[in-house]
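Q: Residue numbers (the working numbering), protein chains in the order written: chain A, 1 to 852; chain C, 1 to 321.
None of these hints come from the bench; they were simulated from the model.
Note that CB positions come from ideal geometry on N, CA and C, so glycine has one too.
Check before you lean on any hint, since a few could be wrong.
Pairwise CB distance ranges (calculated) [said to hold, decoys possible]:
#1 A/Ala623 - C/Ala245: 51 to 61 Å
#2 A/Val72 - C/Ala236: 48 to 58 Å
#3 C/Gly242 - A/Gln622: 31 to 41 Å
#4 C/Ser32 - A/Trp453: 30 to 40 Å
#5 C/Lys306 - A/Tyr85: 19 to 29 Å
#6 C/Ser85 - A/Arg369: 34 to 44 Å
#7 A/Val88 - C/Ser93: 20 to 30 Å
Some chain A residues close to chain C (C-beta under 10 Å, calculated; not the full set) [as the list claims (entries may be wrong)]:
#8 Thr175
#9 Gly264
#10 Trp361
#11 Leu384
#12 Leu639
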Amino acid sequence: MSGPPEASETGFDTALYDRFPTKGRRPAGELAELERIWCAPRRWEWITVINNNYVGVYYVGAAMLFFVLAGVLALLMRAQLALPYNGVLPQETYNQVFTMHGTVMMFLFAVPAVEALGVLLLPQMLGARDLPFPRLSAYAFWAYLIGGLAFFCSLFFGLAPNGGWFMYPPLTSTTYSPGINADFWLLGIGFIEISAIAGAIEIIVGVLKTRAPGMSLDKLPIFAWAMLVFAGMIIIAFPSVILATTLLELERALGWPFFDAARGGDPMLWQHLFWFFGHPEVYIIFLPAAGAMSTIVPAVARTPLVGHWLVVLAFLATGFISFGVWAHHMFTTGMPGVSIGLFSAASMAVSLPAGVQVFAWIATVASGRMRFNTPGLFVLGSLLVFVMGGLTGVMAAMVPFDWQAHDTYFIVAHLHYVLIGGMVFPLFAAIYYWTPMSSARPLSERLGRWVFWLMFAGMHLAFLPMHLVGLMGMPRRIYTYAGGRDWEWPNLISTLGAFVFAAGVLIWIIDMIRNFRPFGPKDAGNVYEGGGLEWLPTGLYSTRSIPIVRSLYPLWDQKNLGRDVAAGRYFLPGTPTGGRETLVTSPINAEPQHLLPMPVPSGWHVWAAVFTAGFFLLLTVQAYVASVASGMLAIACVLRWCWFLDHPQKQRTVDVGAGIELSTYATGPSSTGWWAMVTTLVVGGMVLAMSVFSYVFLWSRNMEAWRPPPGTGSLAAAGAMTLAAGVLAWLANHRLVRDARHGPWQAVAMILLSGALLAAAFAVDLTAWRGGGLAAKLSAQGAIVYSILSWQGFFVAVSAIMALYVLLRGLFGYVAADRPATVQLVGLFLGYTAGQGLVGLGLMRLFPAGLS
Amino acid sequence: MQTDAPPAHDSFKGWPPPAMDPAGPFAAPLNSLTWGLLAVVATVLAVVVVALAIALFAPRAWRRRLGGERLVWVAGVAFPVVVLSALLAWGLSLTHRMSEPPRPGEERIRVTGEMWWWRVAYLDAGGAEAFQDANEIHIPTGRPVALELESTDVIHSLWIPRLNGKLDMIPGRRNILRVQADKPGEYGAQCAEFCGGPHALMALVVVAHAPADYEAWKARQAAPAAPSPNQAAGKAVFDRAGCGACHAIRGTDANGLAGPDLTHVGARRTLGAGVLPNNAGTMAGWIGDSQAIKPGNRMPAYPVLKGRELREVATYLEGLK
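Okay, chain A solo, but in the shape it has when bound (with noise of 0.2 Å):
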């Protein structure tokens, strides 16, 4: 294997990695004090920690449970469907639970899974010491836990939503839902989506910014690569589930009619914006899932990944493939022929990287020897059980047969086919190959087996019939059939499968009770003989000192690497800031950049999680002073928690090892905020893409009756005043930077006109449009004006809390040149909040009157 690549990217001098391993004895004390620094909090301070081996079992602990509780319902399901006419679960019941079985499992048990997967594993296997926002991690778990507890818990009380995982509307609007049911969903899925955001933003700056040095992106472990294309994924089609979901709840609380067709709404908008959500959605499970394959079936074949680049640019292509086909979901609604035709290409078009990795697994597989241990098993169970799901969508890509299977148990059959065989035995055999590394005892491979030939099994008897039963004429979501169709023998294997199924989790759980010992001193280790770096010796600290990586298999082919940076002899065997800390590298040869100090346990974020989730179900429960209060609070324990940040330590510069020093403090593309800014924004500026789109295609529907817009002054007055806040706010940081001599007042003061500019041209606006006499509740223009409105609005309030909290920092003395970093991110978010705010402008006013 090659070492450091020669042309750098940072000006770093690569040669100083020869440097390493160094020689000779560290200092006593250096380990004590790496101990005692990351030591988590004891007794019921534990809720405080933010570390990510703890945040990472829990995590993924909260996942599984909500994997059980989706799966009781399922068997709920399964036994009321076991016979016709069967009298196991009312009809109301019923749907309320099919839809939350979907909800659930999609919701709060998939994404979450994944993502929990990489806050355990990535910074292990990057060599990191922990991810780059630790609390924020932390704070999407809590966020989670409670929001999707409380969600859950509304099927106790009769209030789960009953309308679907897909909500179509007008079923979910208040004429034909008019309980708080839909409110639920609505809310509580908003609520989990600014988890899974949080999530993706953290993973994104963490591979690209905390890999261990020399990890170049062509020795990136394939499953950080599959984390990456993921996070993207997350950061570009959640925003569309948002504004559906905002939209709808819009119209349901205030009349706002998008959906409504009466009033000139149109229900396909929601398929549209749902689906270019929800089919990407299942790549987004798919891919993680897909990398912990790519890992585990090298280890368990003992030999690299055969084709790696090609799994790679399959990742990349899944990824920009799958943006593509959200309308097969739509195959039935009588889309014009050439759409169908293009989304049909694209669905089958997005198997090929799929097919990619299938083969990529087969000749990894050929060009070992197979170890039939349990992740050995559940990974070759996968890849059958994914081949046939894949077969099957492969048939439901074409149109025509789509147009018989279309929400029937075929379509039922498929879905869990991929999902089961590209997510869930993926993930199971993700838990037997890594809990050594989290747990003293590794799970029993004994039980492992029963586990997998029970699932494996269950999986085949409960939903291989499903497909003939679809044909067969079998709907979906039907609660009860009528006896004499010959559907009973189908059900009533499907319904045994799916009783051996559950038997084979209820058994991997007592082997989790038996066997997984988290959080100890010591852990099993590499038992199945992996290459990556999440193999190397730890502590809570992670590896003592951080290695560099000249290899893809890192442990395979450097020799004595496990014993060299256990002995300290690599970057930061110590902690030389005093306090927790990681390294921060470049995105594509991470070359050492600067040391980035990291926060340390608090309970600013789990109060913040607990008033968000508060506000949210407050706002469900149409409570809403407070749920406002709730927000607030929310809102100041995350201010609260950002005070910590952005304070220079007192050395400038430190020692990472064999005299290389480093900066502690960075600003601009190099740091780790301004990644996690620009990738936040990003979500932003989808939800105003999706806006638009939901603007334009409403006019598409109701040309004759879209109005023109208010006067041509008010749009100049605000287009200026938002011009002039876009530049201030890029000069801000400039001046603060550049010109010390004027001290921080300067800055601030351009931060705080510029934020008061913003509200200003919005004030314009919003005045020019409601003396227009648009009114929201009475068309779908003025609906959609006055959402994008709102959101614009939304950015305005923010910014304003921004600008206040610069004002406040300022007062405490917090702004001056040498820790720029606050005013710069904050200047970025009223600039991305001015761009955003002049195309609302350019889109409302000029669009379509412009074009005349």
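Given the coordinates of chain A, assemble chain C onto it according to the supplied hints.
A: This is chain C only, laid out in the frame that chain A set:
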């Protein structure tokens, strides 16, 4: 309700699988495609299984042949590109017929999805409604019929697997589904899009008549109801209970629009949108407590009606042939 209750009508059968038992020229190519796809899928699955078996168990020399990137290029890229392109071309050649507007002279029937039944209106050549029926679609054999699919409440989807694939009924839109039956017969159909509550119990029967029989049927249906005079007691119950507020019986003063038109309800094959066979006994049971039979449906139960009244009104309605 007893768990072994049979389906309301013989056309609701699962074997042979109706999606693979075409009865007309629109469903036939879908069936050929299904078989073609099944063959392709079985072949590819066999290839994967054989490759995997070799990779796992074959002697080293065999395994070495598979253990390189060539396998990925050949089996993972080239092979699927060829197979998928061919399939796509076949699939798209069958796709173009959607949503063409009705042609002149074509038989037009407007089917409106309601929660949880089907309003069926037969249109004249100008597109005006000639008469209404419910939960049954009657078509002539041997020629295409344009079903104009609409909904006024939520999204439904009409699926008559033996005559064509399914197509959604979406508020604010109109989709055209063409069906054709080659032979007279009865074909089961149901709602395929989840539409809330008793979505599971929303079926209908499509009846194909020879062309002459179809015209005769239409003439009968277009005529007002002709109750025999000795059923005045049943009609009195009907009027007293306020049934006419929701149901129309053409030729009487019952003119409600919310529920199914009952002008010729006695001639229908099923009750409750394909839930019960249609006879005086089931009719009485349905009127007395339809909520026990089809929970959540929009018709209230009538516990106030006594057994004798139920029998009278059921007999009256069954007489409306």
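Q: Determine which of the earlier numbered hints do not hold for this structure and return their numbers in increasing order.
A: 1, 7, 12
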